[in-house]
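Which chain is which? The protein sequence lines are A and B, in order. Each step along the first sequence adds one to the number in the working numbering, with nothing skipped, and position 72 is 72. Basically the working numbering = 1-based index in the second sequence + 248.
Note that these hints are calculated values from the structure, not bench results. Note that this is a predicted model, so its numbers are computed, not measured. Some clues are possibly wrong.
Stretches of chain A that chain B covers, calculated by requiring three or more beta carbons in the stretch to come under 8 Å of a beta carbon on chain B [stated by the list, open to error]:
# : segment
1 : 48-61
2 : 96-104
Covered, in the sense of this in silico footprint (three residues per stretch, anywhere, with C-beta under 8 Å from a C-beta of chain A), are these stretches of chain B [as the list claims (entries may be wrong)]:
# : segment
3 : 261-267
4 : 510-519
Far from chain B, by Cβ distances over 10 Å, these chain A residues were calculated [claimed, not checked]:
# : residue
5 : ARG14
6 : ASP186
7 : GLY240
Think of the CB as a built atom: it goes at the ideal place given N, C-alpha and C, for glycine as much as any other residue.
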Amino acid sequence: MLSLHDLHARVGDREILKGLTLEVPAGEVHAIMGPNGAGKSTLSYVLTGRLGYEITAGSAELDGVDLLSLEANERAAKGLFLSFQYPLEIPGVPALTFIRTALNAQRKARGEAEMSAPDFLKRARACAADLKMDFDMLKRPLNVGFSGGEKKRMEILQMALLSPRFMILDETDSGLDIDALRIVSDGVNALRGPDRSMLVITHYQRLLDYIRPDRVHVLADGRIAASGGPELALELERDGYDKYARAA
Amino acid sequence: MNLDEAIRLRDPSRLPSRRDEDWRWTDLRGLLRTIPEPSRPLAAGTAGLGPFDGLTEETLIVANGSGPEEIRIAGGETRTLALRHISRGDGAHSARLRIDVGPSARLTLLESHEGGGAGLSLLGVDLHLGADAACERLVLADMDAEAVAVVELDANLAAGARFSQTLLTAGARRQRFETRVRHPGQGAEVRLDGLYVLRDRRHADLTSKVSHEGPGGRTDQLARGVADDQARAVFQGRITVQEGADGTDARMAHNALILSDRAEVDARPELEIYADDVACAHGATVGALDDEVLFYMRQRGLPEREARSLLVASFLGEVIDRIESPAAAERMRSWLQARIGAEG
Ligand SMILES: Nc1ncnc2c1ncn2[C@@H]1O[C@H](COP(=O)(O)OP(=O)(O)OP(=O)(O)O)[C@@H](O)[C@H]1O
Ligand SMILES: [Mg+2]
Numbered sequence: 001m002l003s004l005h006d007l008h009a010r011v012g013d014r015e016i017l018k019g020l021t022l023e024v025p026a027g028e029v030h031a032i033m034g035p036n037g038a039g040k041s042t043l044s045y046v047l048t049g050r051l052g053y054e055i056t057a058g059s060a061e062l063d064g065v066d067l068l069s070l071e072a073n074e075r076a077a078k079g080l081f082l083s084f085q086y087p088l089e090i091p092g093v094p095a096l097t098f099i100r101t102a103l104n105a106q107r108k109a110r111g112e113a114e115m116s117a118p119d120f121l122k123r124a125r126a127c128a129a130d131l132k133m134d135f136d137m138l139k140r141p142l143n144v145g146f147s148g149g150e151k152k153r154m155e156i157l158q159m160a161l162l163s164p165r166f167m168i169l170d171e172t173d174s175g176l177d178i179d180a181l182r183i184v185s186d187g188v189n190a191l192r193g194p195d196r197s198m199l200v201i202t203h204y205q206r207l208l209d210y211i212r213p214d215r216v217h218v219l220a221d222g223r224i225a226a227s228g229g230p231e232l233a234l235e236l237e238r239d240g241y242d243k244y245a246r247a248a
Numbered sequence: 249m250n251l252d253e254a255i256r257l258r259d260p261s262r263l264p265s266r267r268d269e270d271w272r273w274t275d276l277r278g279l280l281r282t283i284p285e286p287s288r289p290l291a292a293g294t295a296g297l298g299p300f301d302g303l304t305e306e307t308l309i310v311a312n313g314s315g316p317e318e319i320r321i322a323g324g325e326t327r328t329l330a331l332r333h334i335s336r337g338d339g340a341h342s343a344r345l346r347i348d349v350g351p352s353a354r355l356t357l358l359e360s361h362e363g364g365g366a367g368l369s370l371l372g373v374d375l376h377l378g379a380d381a382a383c384e385r386l387v388l389a390d391m392d393a394e395a396v397a398v399v400e401l402d403a404n405l406a407a408g409a410r411f412s413q414t415l416l417t418a419g420a421r422r423q424r425f426e427t428r429v430r431h432p433g434q435g436a437e438v439r440l441d442g443l444y445v446l447r448d449r450r451h452a453d454l455t456s457k458v459s460h461e462g463p464g465g466r467t468d469q470l471a472r473g474v475a476d477d478q479a480r481a482v483f484q485g486r487i488t489v490q491e492g493a494d495g496t497d498a499r500m501a502h503n504a505l506i507l508s509d510r511a512e513v514d515a516r517p518e519l520e521i522y523a524d525d526v527a528c529a530h531g532a533t534v535g536a537l538d539d540e541v542l543f544y545m546r547q548r549g550l551p552e553r554e555a556r557s558l559l560v561a562s563f564l565g566e567v568i569d570r571i572e573s574p575a576a577a578e579r580m581r582s583w584l585q586a587r588i589g590a591e592g
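When you get a sec, could you build the whole thing from the sequences and use the hints?
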């Protein structure tokens with residue numbers, strides 16, 4: 001489904017991704033772990049089309065479609081979603097209005113009919129209930145004044161409502177309390193399916209107890225330094241990244 | 249400097265210029281070498297529909313400088329009036345109108361400024377509010393790009409009177425709204441809001457001077473706007489709290505978004521306080537749309553243009569939310585929405 005080949009990206013004259021190759025087949029969940037500053041968030045931004053990165057070599061395809069030639073919103077319409085490490089605040093735009101506008105923009109781009117306001121509200125209520133969120137929160141301007149954990153929950157709510165095919169979760173677990181981690185993980189697991197894949201970026205093995213990955217990759221110094229099964233996460237938790245930091 | 253005389257005597261040397269401190273950002277003398285010919289009268293029945301059409305039983309028209317000179321609202325009455333200031337052709341004209349609102353009366357004034365050609369126009373309004381009277385003045389200025397126009401309001405408030413205003417303008421070649429408010433009375437209340445949406449080479453100047461001369465008055469001012477392309481916005485707000493106007497509460501905020509490198513916003517908020525126990529606050533920001541926020545919105549699927557419009561609409565919409573008359577607010581909101589949606 002997602003296939004990255006020898007991806008190189010730089011910001012200014014600093015190279016951050018240095019030949020990253022990764023394959024995430026349909027239906028699989030892959031975890032990415034790696035030291036601070038390794039390039040994990042950069043990878044998620046490069047894939048989703050944030051400006052400011054120069055792709056100097058390599059390719060990134062989603063189901064054979066060249067992602068790098070598309071605008072950020074076109075990639076979203078193709079089903080690519082990023083749960084941000086630091087979600088942004090949107091002053092003056094109620095969360096419900098924002099999500100519905102975004103959903104309908106995506107549907108329009110795909111040539112689908114708009115979702116009506118009542119249908120959307122019904123789904124939004126159900127999703128909020130699943131994530132144990134107070135529905136009134138969705139009437140407030142998106143993320144404005146929300147706590148760190150509330151923002152993360154709101155990311156997953158948006159993800160559920162937009163129902164993307166490929167999801168990148170950038171440290172969704174950071175800032176969540178123990179109960180929230182379970183609730184959010186349940187929400188994420190509900191979105192797993194044979195046609196959907198995920199890339200879960202995290203520093204902590206604990207998240208992977210809830211969201212069981214098919215594969216675990218170590219991203220160090222701008223490339224994939226090692227890959228393995230779920231046991232690799234346990235090993236990293238025990239030994240740290242020392243051996244990859246030097247090797248890279 | 250006297251614009252009315254400049255027009256009547258066709259004497260450009262009397263136009264306000266950059267040498268007049270208050271007009272330094274809206275120079276008319278530097279713009280106009282000569283004063284255009286006096287405008288010809290407009291034939292009755294050529295006015296068409298105004299933006300507030302259907303919301304009022306009464307519509308007053310000031311067309312190319314001619315129209316009613318005095319309006320009285322009797323004490324205790326409640327009225328909604330449309331006032332259409334229409335300018336056609338390339339001529340110059342000026343008009344002055346006095347509005348008296350009797351004690352405890354209520355007036356909703358829906359004022360529009362339409363047309364303008366490539367001419368020069370001045371409309372001055374003297375508004376007198378009796379004790380405990382209230383007036384909400386809502387202004388929509390949809391003028392030609394080539395128009396040069398000045399609209400002045402002098403409001404005098406008696407004790408306990410309330411005056412609220414929201415200006416909404418798309419600017420013109422050069423355009424200024426000057427609002428002067430005096431509260432000699434006790435406990436007088438003022439809301440003085442403004443909105444501008446400027447594109448191309450348009451110019452809008454929102455200038456206001458509020459003077460609190462009696463105790464316990466309150467002024468709340470929120471001005472917001474966006475300037476795109478090579479447009480230029482001017483905000484000058486002055487609140488003076490005179491000696492003896494103790495316990496006054498004065499709040500002023502101006503927030504502008506600049507959407508292009510070549511647009512300009514000049515702002516001068518001023519608070520002068522000579523009284524005791526005064527609560528004052530003012531804030532001014534001029535910024536651009538946040539790229540991070542725009543990326544976040546686009547990651548969710550919104551095309552750039554839609555993301556921008558949504559941010560601009562919510563930024564400006566908060567000023568519309570403060571309008572008291574719901575039907576007029578909806579007209580202004582849809583006019584604004586159409587302007588923003590049309591934005592490139
Ligand atoms: N705009 C930028 N300008 C300069 N350097 C940048 C920029 N963006 C990222 N970097 C650098 O690139 C490197 C990778 O950053 P990135 O945010 O991708 O790391 P990360 O793996 O997500 O780290 P963390 O675990 O702390 O979230 C860092 O050294 C960072 O300082
Ligand atoms: Mg990161």
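Non-conforming hints, listed in increasing numerical order | Hint check: 3, 4 fail, others pass.
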